[in-house]
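> What follows is the residue order along each chain.
There are 2 protein chains.
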Amino acid sequence: MDLIQRFSEWFEENLPQIKESYIQFLKIPSISADPARSLDVLACSDFLVSFLSKGGLKAEAIPTDGFPIVYAEEMQAGPNFPTILIYGHYDVQPVDPLELWISPPFEGTESDDKGQIFYACLSVIAWKAIFGALPVNIKFCIEGEEESSSIGLSRALPSLKQKFAADVVLIVDFDSMPDGALAVTLGARGCMGMEVTLTGSLQDLHSGHLGGIAYNPNRALVEILAKLVDSSGKVTVPGFYEGVQKPTQEEFDLFTFPMTEESVRVDFEIEALGNEKGCSLKEANWFRPTMEINGIFGGYAGPGMKTVIPSKATAKLTCRLVPGQNCETIAEAIEYFIRKNVPQGMKVDFTYQGGLGAYRSSITTPLVRALKQAAQEVTGKPSVYALAGGSIPVGLLFRDVLGVEVIGMGYGLSTDAIHSPNEHFDMQRFKCGFLTVAKMIEAL
Amino acid sequence: MDLIQRFSEWFEENLPQIKESYIQFLKIPSISADPARSLDVLACSDFLVSFLSKGGLKAEAIPTDGFPIVYAEEMQAGPNFPTILIYGHYDVQPVDPLELWISPPFEGTESDDKGQIFYACLSVIAWKAIFGALPVNIKFCIEGEEESSSIGLSRALPSLKQKFAADVVLIVDFDSMPDGALAVTLGARGCMGMEVTLTGSLQDLHSGHLGGIAYNPNRALVEILAKLVDSSGKVTVPGFYEGVQKPTQEEFDLFTFPMTEESVRVDFEIEALGNEKGCSLKEANWFRPTMEINGIFGGYAGPGMKTVIPSKATAKLTCRLVPGQNCETIAEAIEYFIRKNVPQGMKVDFTYQGGLGAYRSSITTPLVRALKQAAQEVTGKPSVYALAGGSIPVGLLFRDVLGVEVIGMGYGLSTDAIHSPNEHFDMQRFKCGFLTVAKMIEAL
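In the order they appear, the protein sequences are chains A and B. Using the working numbering, the first residue of the first sequence is number 4, and each one after it goes up by one. Using the working numbering, the first residue of the second sequence is number 4, and each one after it goes up by one.
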């Protein structure tokens, strides 16, 4: 009986217990961005430590400035065999807007982007259960702040350099191809966040008494935000594109993961495309930075009308960054641009919320070959290479601090509506991920 | 003993009962714009009918398509004497944002812009109590939707033409001079509201997966809103200023109510002024129309960051209008402008929420003389003429349907922070209004 069959049988035999643990894990509303959910995030890290310990790994929660890192290791293979650091996260995005979730979130109905790290843990636990030992060394680094900028892990990583030492990092948090084939992800964009609040008056004003007189902060805010991006979709902030490289033909040829206007329209039911003029969708999503208004709010949002000039207006912005761009430099350039363009007398509060840059890894990393072989056997389909338009905040840090390549895999589907109401990650793909990691461990 | 002294004594003698009724009236949260408060708005109209009936007037609630009109009359003077229709409203603006109210709203701590109509009612009740009869005929028309566009009264007015027939309309809802002298208000700007929602996708999207691809509705919205007004503060919508007249020197000379940059900065603690280039504050506030973003909201508004491209973004807009402008025409021009400027594929929902135009009345109306005389005696100060930057939605309708002049008075102060947290209307000015109306009835 070959390895994949053996692990598949183990999975089916243990399915009730696997499902029970998995649903328990998903049910914890570990929203790292919401201070009200802090205890839930901690409960989720406790759950993982206990789950991994029960599975035979040496597991612990490492405190950080933010939420703890769940660390676990299985090092019986010894120093003559390679060590893989498997990275994932146990936190999720805020579930707001609640009214758009068809079924309540966190009900654990086989859904959530916490699913990917869970199958990777389960593969190692299964190896221990079936064979008692693994042919490679495994370390897990599972953080609680991936969805809110990885501050804790970022700060702690330099002091954990020895503990986390590995030959390669495997990030288990990516999408597969639409047909279920694996996409080996060789890089991701960076991401950094900012919040800007304009204050025109201490209190809301009457739009009749002061209309035509007071500068409405909503007006000032839309004027500034509209200036950030020009009509061709290009960010206008001076210095924003400094260091950004045009993709080479070689890169276009390598990254064959498909991305067409048609597929975007069909998969996401979006009609309005905002890509930079002259950039294909793939170029815009993988090789170009973005400026996104994730939230805007000022004044009255209730029913009917209320004739106020609000005292304040706020926007939450994030930029996706590509190699060559530095978060702090970009944040400073944007802050300078905003302050320069604000009407006289309007108060500006600008907060840089942190972020991390983009990273790229080499196709010649041995893990890439093992992963491709495993995925081909599990899915029956050849894998492709991809980059990620999204971000793995610590991807760049792992490269810099540990000095190793960072390879991404995953069986998410972009149509999972990740980060929006009704996430789902079905048991079919969960098992596929489980088998791929199991086989990869052997193939390496 | 002269009339003012007599009414003053009556007021002081009855102060406990007056205060009790007044506070009871203020405590009802009659927010006409909020469907959840419908029963409170109705309770407030019931309260007024009962209060006026107890005071000896023939009072009733007249049903409309919206909230009822409280109507009351005292017609014993007979057809040989003039009839004044006194207009006011018993509804208030939404109290949102609640967290900014230092003391809870509707606690009835001698505050609220419902106070003005209450003293006018009390003057007539006092006339009945003191003299048993009045030298003029009085009708009250007190509506429940002034703060939400007066739809009910607007639609009902033509059929109430006979019932409401009068020689002049007195609107009791305006500000006094900062020093307490009366401002006789000869006109007000109109006001109309719109809501626009842009939808880019059915669900919120991931700003990594779709960032650079999907057109963010927040971006589309700020681009469109920023286009509505140019950098000189002029509305750019074609046709917006059609029919708008430059004020004459005569008008500038007549309306001496003061309005300076200094007073605006000091009274409202605002630094950023948004008046049209080349317009004084008074011209901008009284003679020019506005385009105001009263509310804007799209995407994530919670703590921390959430990297979404929201599915929708909404803005609530109102325009203050001046004579020569028509609400529907302006709303159509704005809707056309928005639809023309929206990115291809973005869905637009545009709702015109109703509105009414501006009005102007003649300085030669006999009520103006009576009012000025009464106010001079009560306050000891000569009154001035003013226009209102705010709106009395039905001002224009009264002129058109009843064919009479519409004169405004009031003892509000612009520093009452009307329509924003911590409204207040103190008993001092309440009594001043009470005495002015009482004396005006005699002087007429």
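Be aware that a few hints might be false.
Identical chains blur together in the list; that is why a pair holds if it fits in one copy or across any two.
Said to hold, decoys possible - Pairs of lysine-lysine residues, derived as DSS-like cross-links and limited to a Cα-Cα distance of at most 25 angstroms, are as follows:
hint	residue 1	residue 2
1	Lys131	Lys350
2	Lys30	Lys384
3	Lys350	Lys237
4	Lys249	Lys343
5	Lys350	Lys280
6	Lys57	Lys384
7	Lys280	Lys230
8	Lys61	Lys164
9	Lys131	Lys61
10	Lys280	Lys237
Because the hints were derived from the structure by calculation, they are not lab data.
> It remains to establish, for every hint, whether it holds in the given structure.
Taking the hints in turn, this is what the structure says about them:
{"no.": "1", "hint": "Lys131 <-> Lys350", "result": "neither (60 angstroms within a copy, 54 angstroms between copies)"}
{"no.": "2", "hint": "Lys30 <-> Lys384", "result": "neither (33 angstroms within a copy, 71 angstroms between copies)"}
{"no.": "3", "hint": "Lys350 <-> Lys237", "result": "between (27 angstroms within a copy, 23 angstroms between copies)"}
{"no.": "4", "hint": "Lys249 <-> Lys343", "result": "neither (30 angstroms within a copy, 34 angstroms between copies)"}
{"no.": "5", "hint": "Lys350 <-> Lys280", "result": "between (34 angstroms within a copy, 21 angstroms between copies)"}
{"no.": "6", "hint": "Lys57 <-> Lys384", "result": "neither (34 angstroms within a copy, 86 angstroms between copies)"}
{"no.": "7", "hint": "Lys280 <-> Lys230", "result": "both (17 angstroms within a copy, 21 angstroms between copies)"}
{"no.": "8", "hint": "Lys61 <-> Lys164", "result": "within (18 angstroms within a copy, 86 angstroms between copies)"}
{"no.": "9", "hint": "Lys131 <-> Lys61", "result": "within (12 angstroms within a copy, 90 angstroms between copies)"}
{"no.": "10", "hint": "Lys280 <-> Lys237", "result": "within (8 angstroms within a copy, 30 angstroms between copies)"}
Figure legend: structure checked against the earlier numbered hints; hints not met, in rising order: 1, 2, 4, 6.
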